[in-house]
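Asker: So you can see what is in the structure, the chains are spelled out below.
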Amino acid sequence: MTAIAVVGPRRATFDRQRAIAGIFVMLGLVDIFVFGLLADKGDAVFTFTLTGAAVNVPNLSLAPGPVSEGLGALSIVLGFVYAGLSLSKIPQRLVGIAVTLAFVVSFLCWSDAGRVPLPFTSLMQSTMLASIPLVLGALSGCLCERSGVINIAIEGQLLLGAFAGAVIASSFGSLWLGLFSGSVAGGLLAILLGVFAIRYMVDQIILGVVLNVFASGLTGYLYDQALVPYQNRLNSPNTFNSVKIPVLGDIPIIGPILFDSTIFLYITYAAVALVHIGLFKTRWGLRVRAVGEHPTAADTVGIKVLFTRYRNVILGGLLAGIGGASLTIGSVGSFGKDISSGQGYIALAAMIFGRWTPLGATGAALLFGFSVACANVLGTIGAPIPSDFLLMLPYVATIIAVAGFVGRSRAPKADGQPYIKS
Amino acid sequence: MSQQDAGPGANEPADAPESPGGAKHAPEGAEAVANGAPPKGEDVVTSVLNAVLEGSSAVVTFLAIVTAVIIGGLLIAFTSPTVLHAWSHLFSAPGAAFSRAWDVASSAYSAMFEGAIFNPHTVSAAFHGGSIAAIFNPLSETAVNATPLILAGLAVALAFRAGMFNIGATGQFIGGAMIAGWIGFAVHLPMIIHVVVAVIGGFVGGSIVGGFVGNLKARTGAHEVIVTIMLNYVMEFLLLYLLGLTVFRAAGSANPITPPVATNATLPHLAGASLRINAGFLLALAAAMAVAWLLNRTTVGFELRTVGANPSAARAAGMSPERTWVIVMLICGGLAGLAGASVVLGTDFALTPQIYGAYGINAITVALLGRAKPGGVVLAALLYGSLDAGSVTMQAQTQIPVDIATVIQALIVLFVAAPPFIREIYHLRGRRGREGGQVLAKGWSS
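Note that the protein sequences, when read in sequence, are chains U and L. With our numbering applied, the first sequence corresponds to residues 1 to 422, in that order. With our numbering applied, the second sequence corresponds to residues 1 to 446, in that order.
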């Protein structure tokens, strides 16, 4: 392996800091020249109050020209700051977040200029909804890959979770049972992944792709064979109701977005926190990461490498299964063929974009969820950008990320390599 | 792996005492032990027996297919409503449950056979004034289904040989289909020239997508698996976007579909208009031969295999892995693009949002099943093509959903990729030395 790892004295020896700064400046220029100068006449109006909300937040009306140009100028300045000063890690991230936000705000102003008001709160609500399977899938990826098993089968785990969630919830009339079985279904596919990757040492990239095909074929087959003829009995689950968290849920704007949703969103919060703390603040996580980086060393100090891998793969599957269940009993209310429609691959992209860390992956998943939500919402207000390009965004962003523009996207060192005790 | 067991295998006693457990449980194993050390004249027999008992790659492939078909049959049997009904009376009529299960599964598979290979009814129909072409319709359908799988499978296989995973056959397929389709419906050229130009356009379209991946890997080290997966979706949405434009929309059509490709640009039928088999199949076979020639008879092929086996050694020998990656991905993309052209010019005759189907993903499994060799890819694609063609007939005759073919295909590859698993369930002895699949496992970071 070392032989292959040293290959390629990469020709790309460009200065990363400058490259990133260059991207910031470019985004600023887009803010100014596209979103600012090319915006349609008229203000962009954002509404924040949902029908029936207790507090009425006034609408925000922005003139796209000045706002986008101002934010663009800010991004350019930040880009030069980034290039000029050697910032430490946290300010670097803050600058990145600021430039991204500026870009998003100018983009929204440009999209809505002179059109019907943009329902900001419901846009963000659908962002959260779209992000749930992405975040849980990406966490599944983190758990697996940090222990050294590549998980491309997230898509399949989502799909099986969605299927089992709908069928079990529908036939037993219990949503909680559906949630539980969705999770278990994801776990079962993860067991297949684990056994074939760890015990039979099948190449994990091939394995993931094959398992996705398998899950798609199996659920598609069972859907036509059983769910279509027995639609009422097997494929008509209810969906979870929103649960508003007292006090927090009443905060204007933030409340409805973050604290008034189904149980799935709250599970997602808990999962993000648990995986992050687990992986980076506990002895458990240190061991997992040791197995993913250098299994031989981990084995030497008495960590059970194979057991750790099995456990993490299955834990990941359980999480992704919940994410899958959210697709059926969390929102739509019935299973359809290939309902996950590539979200498992977006989750994979989010994990890579987030550099194999739970928080980074969550951030990326939210960004990707936002672009999916935008594609749905902006289409209805007649925004000047084709929704296909918004849907393309997560994938393009990931290609840019792995091409090395966004930091060092490095996988755990032993990721994908079977461990053979010598 | 072939050096180990080519010659010496036959000279060793058939029942090596250190055979790890398994052999003594298996009935075939017992026979072999009973034979004892065979006389020299039976060398051929012994070596065949050895191959079977050790689970050589051909045997493993065969058993993988058998196992997948059996599991598929069980799945069919145990999800059929009539069978489930019979199971509920298991204790009053135990025979009925089993016979019903057998009936359902066997009728499904025989319908599949009739749709993919040969349907006896068509022969008797031909004697009573039916069409003779109908006899060959199943085979024609198999070939039609296999055509894009061969081409896209070659795209994946060739990349495998250079040590790369080309998960992006879907995106390259779309790239090829887009350009071939556009040339087909928007450009007006004379006969023959038109179809040739369109096919070349397909190659170029796929090459652009594939070349992008190769370039990115060579320049920045971006892992091709991630880039190709992401590009698949980028291309899918690009296709959707293009089909939304008036340039790509058939006049007066509300659906996202292009105008039909001109007759001049279609791949000619090989056996009359009633059979769908077309020149695309010949193109695919020619491509397989070309890839075989490229791999085994050219400098590029040698460099490609060397880089695939050990990039560091290749670099030390003065080759440039980066250059090879780019060339390989250009060719692979082109092959997958040809697959796109073969579909849009041979069977579909227009671009639609779902034109890429599952070809790109199945190409991976085909390449793996064919052990990344051109000949193997052709055989594997024919097998998969027959499953696809047969499952359509099966659904029409028995109402069993076509998706069962996908399940069987996935299982075949899962098992083929895990020879130790197949050896374990069939108690085969396994080769001495550590198992190394034909594609070594490797991680993201390489």
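These are computed hints drawn from the structure, not numbers from a lab. Any given hint might turn out to be false.
In silico contact screen, one side only, chain L against chain U (beta carbon under 7 Å); selected entries [to be verified]: (1) V48; (2) F78; (3) T79; (4) L189; (5) Y233; (6) A309; (7) T398; (8) P401; (9) D403; (10) A410; (11) A417.
All figures in this text were calculated on a predicted structure; none of them were measured in a lab. Cβ atoms here follow ideal geometry from the backbone N, Cα and C, with glycine treated the same way.
Asker: With chain U as the partner, please determine if L:A309 meets the hint condition of a C-beta pair closer than 7 Å.
Answerer: At about 10 Å, which exceeds the 7 Å cut-off, the nearest Cβ of chain U leaves the hint on L:A309 violated.
Asker: With a cut-off of 7 Å, does the beta carbon of L:Y233 approach a beta carbon of chain U closely enough for the hint to hold?
Answerer: 5 Å, holds
Asker: With a cut-off of 7 Å on the beta carbons, see whether L:P401 makes it to chain U.
Answerer: Interface hint status for L:P401: holds (3 Å vs cutoff 7 Å).
Asker: Minimum Cβ distance from L:T398 to chain U below 7 Å?
Answerer: Since chain U brings no Cβ nearer than about 11 Å to L:T398, farther than 7 Å, the hint is violated.
Asker: Holds or violated: is there a CB of chain U closer than 7 Å to the CB of L:D403?
Answerer: 4 Å, holds
Asker: L:A410 was flagged as interface toward chain U. Is the shortest Cβ-Cβ separation under 7 Å?
Answerer: Holds. Min distance 4 Å.
Asker: Minimum Cβ distance from L:L189 to chain U below 7 Å?
Answerer: At about 30 Å, which exceeds the 7 Å cut-off, the nearest Cβ of chain U leaves the hint on L:L189 violated.
Asker: Please check whether L:V48 passes as an interface residue: C-beta within 7 Å of a C-beta belonging to chain U.
Answerer: 26 Å, violated
Asker: Have a go at the L:T79 hint: is there a Cβ in chain U nearer than 7 Å to its own Cβ?
Answerer: 5 Å, holds
Asker: Using 7 Å as the Cβ threshold, decide whether L:A417 counts as touching chain U.
Answerer: With Cβ-Cβ at 5 Å, under 7 Å, it holds.
Asker: Does L:F78 pass the interface check with chain U, least Cβ-Cβ distance below 7 Å?
Answerer: Violated, about 10 Å.
Consistency with the previously given hints fails for numbers 1, 2, 4, 6, 7, ordered from lowest to highest.
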